[in-house]
Amino acid sequence: MSGLKALLKKELREQWRTYKLLIIGGLFLFFGITTPLLLKYLPEILKLSGEEVIIEIPPPTAIQSLTEFAGTIVQVGVLAAVLVAMGAIAREKERGTAAMVLSKPVGRGAFVLSKLFASSAVFIIALALGAVACYVYTVSLIESGDASGFLALNLLVALFLVFCLAVTLLFSALFRSSLLAGGVALATLLGQLVLTQLPFIGDYVPGSLVAWNVELLSGQPATIWPSIIITSLLTAACVYLAAAFLKRREI
Amino acid sequence: MEAIETKALSKRYGDVLALDGLDLTVKEGSVFGFLGPNGAGKTTTVKLLTGLSQPTSGRAWVAGEEVTPRAVSFRSKIGYLPDVPGFYGWMTGREFLLFTGELFGLPPSENGKHSDELLELVDLRKAGKRKVGGYSRGMRQRLGIAQALVNRPRVLFLDEPTSALDPVGRREVLELISRLKEESTIFMSTHILSDVERVCDTLGIIDQGRLVTVASVEELRRRYAPSVIELQFDEDAAPILPLLEGQPWLEKVESVLSNGLPTIRIKARDVVIAKTEVPRLVAQSGLPLLRYEVKMPSLEDIFVELVSGGGGL
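Residue numbers (our numbering), protein chains in the order written: chain R, 33 to 283; chain V, 64 to 376.
Certain hints may be false.
Covered stretches of chain V, as calculated for chain R (at least 3 residues, CB under 8 Å) [unchecked claim]:
| id | stretch |
| --- | --- |
| 1 | 112 to 118 |
| 2 | 134 to 144 |
| 3 | 164 to 173 |
Lysine-lysine pairs mimicking BS3-like chemistry, simulated, CA-CA at most 27 Å apart [said to hold, decoys possible]:
| id | chain 1 | residue 1 | chain 2 | residue 2 |
| --- | --- | --- | --- | --- |
| 4 | V | Lys140 | R | Lys279 |
| 5 | R | Lys37 | V | Lys244 |
| 6 | R | Lys52 | V | Lys194 |
| 7 | V | Lys90 | V | Lys244 |
| 8 | R | Lys41 | V | Lys189 |
| 9 | V | Lys176 | R | Lys37 |
The hints are simulated quantities; they were obtained by calculation from the structure and are not laboratory data. In this text the structure is predicted, and so the values were computed from the model without any measurement. Ideal placement from N, C-alpha and C gives every residue a C-beta, glycine not left out.
Can you build the whole structure from these sequences, using the hints too?
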């Protein structure tokens with residue numbers, strides 16, 4: 033992997049300097065704080081609105097707060113991952129920076145991998161920030177929850193987000209337009225989320241990783257290993273294909 | 064040793080044959096001008112030689128190694144300036160050079176010093192601290208040259224290095240290129256003839272994907288556009304025409320009026336003989352000669368003649 037270190041350093045600096053870490057971190061932190069907050073104070077907010085209609089809202093639970101957070105992060109995260117990664121390669125090709133870098137002694141694989149590592153780092157840091165905030169607020173506002181289950185859930189969310197980034201990077205390598213890359217990536221990712229609803233194969237697509245949340249948090253056994261392995265393999269395949277494509281195509 | 068060698072190198076984009084069987088050798092230490100009109104296949108060739116694109120058929124060697132998109136090691140011996148160099152707008156000029164040095168695996172201490180030297184060389188010492196996003200076109204071009212020199216390349220590829228610059232910027236870049244030729248073999252693609260005349264010692268002309276000719280500038284002048292000898296007389300020049308017409312070295316003679324004076328234009332098949340014979344014939348004719356001039360063809364004349372399909376090989 034020639035040049036991986038230098039490329040990774042540059043990519044990480046780019047994430048920082050172009051405020052990606054700040055934006056994604058802020059976004060996830062926002063959901064981490066507001067999810068338990070809203071659950072807790074929703075009844076009172078409704079009361080304040082002065083409606084006399086009595087709506088029976090059961091008292092919020094920790095499971096509810098933590099799973100809701102994970103659910104929101106998955107939805108927002110897919111979109112954020114696509115937005116962050118769609119231009120990562122396509123824009124470098126368009127602006128000519130890819131030609132500058134790839135005419136140097138660096139491997140195409142290192143080029144793709146450095147982007148996946150750096151953007152994954154941003155999302156994992158952001159997720160950690162949001163998750164810690166969510167857990168702290170849930171415990172202090174609602175009740176204490178299953179920390180290890182929540183950790184496991186977040187690891188699955190992290191893996192899923194890395195997968196989303198890898199898919200988007202693949203299309204970013206394939207197309208010259210970042211908008212097209214983003215559109216196709218989003219369609220693919222939403223498409224596989226739909227697949228989770230299907231019987232049998234639904235349990236094995238990457239989207240199923242984030243469908244186990246309730247089981248995880250309530251301590252029920254869940255067979256998630258197949259889909260963890262499949263998602264990891266698909267992520268690696270995306271990187272490999274993106275690099276292979278960059279070798280074949282004109283930069 | 065050859066710095067660049069290609070064998071039947073071809074590139075096809077769909078129906079378009081962008082490069083058609085290029086056979087080319089560039090000697091080490093030369094400044095090779097790759098000349099052709101827009102769309103002739105110049106950038107395609109440079110991309111193939113730098114491994115940024117794969118040939119449809121044929122092979123290429125640069126600095127003794129075969130070029131493929133997978134071959135990483137030959138790229139540490141080349142420098143490349145694309146026709147439109149792209150930079151990360153969030154980096155400063157100096158940071159971009161440092162980043163480039165890191166890609167080449169230069170040790171950090173050497174990298175910093177070398178980057179400063181390069182900024183000095185391309186006259187960006189002050190601007191090196193500013194973000195590239197705010198650079199002018201000329202500054203970006205100079206930074207592009209600097210980044211192509213980071214690894215002290217054995218072969219330097221410059222794709223249209225002057226086309227987007229104003230006259231002052233062009234002169235600066237050309238002077239820079241002249242200075243670089245001591246260290247590297249330079250392969251420079253361009254459509255600007257005067258650039259080639261100023262810095263290149265060898266010239267390849269490409270048109271519609273085919274290499275039309277390779278020669279030195281002088282050789283090209285000698286070979287392709289035969290010199291024209293112009294004679295101007297005080298009075299009617301007709302008496303000299305019969306003397307000229309029988310000569311074996313003559314290709315064409317015409318009688319015209321130039322500035323109101325009778326003028327004879329002689330196009331010779333063999334200029335060397337013509338130059339000795341014409342004065343003798345003038346003396347023989349006894350006409351009062353006003354002016355005798357051997358007109359050298361401009362490179363532009365040759366270029367237009369070659370690429371317009373007039374007098375190719």
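Pairwise hint evaluation, R:Lys37 against V:Lys176, where the allowed Cα distance is 27 Å at most: 21 Å, holds
Pair hint outcome, R:Lys52 versus V:Lys194 [Cα-Cα no greater than 27 Å]: Status holds; Cα separation ~18 Å.
Whether chain R covers the stretch 134 to 144 of chain V (at least 3 residues having a Cβ closer than 8 Å to its Cβ atoms): holds (count 6)
Pair hint V:Lys90 and V:Lys244, alpha-carbon separation not exceeding 27 Å: The hint holds at about 12 Å.
Hint consistency between R:Lys41 and V:Lys189 [alpha-carbon to alpha-carbon, up to 27 Å]: Roughly 25 Å between the alpha carbons, so the hint for R:Lys41 and V:Lys189 holds.
Claimed coverage, the stretch 112 to 118 of chain V by chain R - three or more beta carbons nearer than 8 Å: As far as the stretch 112 to 118 of chain V goes, the hint holds, because 5 residues have Cβ atoms under 8 Å from chain R.
Proposed proximity, V:Lys244 with R:Lys37 (alpha carbon, max 27 Å): 32 Å, violated
Chain R over the stretch 164 to 173 of chain V, status - at least 3 residues with CB closer than 8 Å: holds (count 4)
Given hint R:Lys279 paired with V:Lys140 - CA-CA distance at most 27 Å: 19 Å, holds
The structure fails hint 5 only (numbered hints given earlier).
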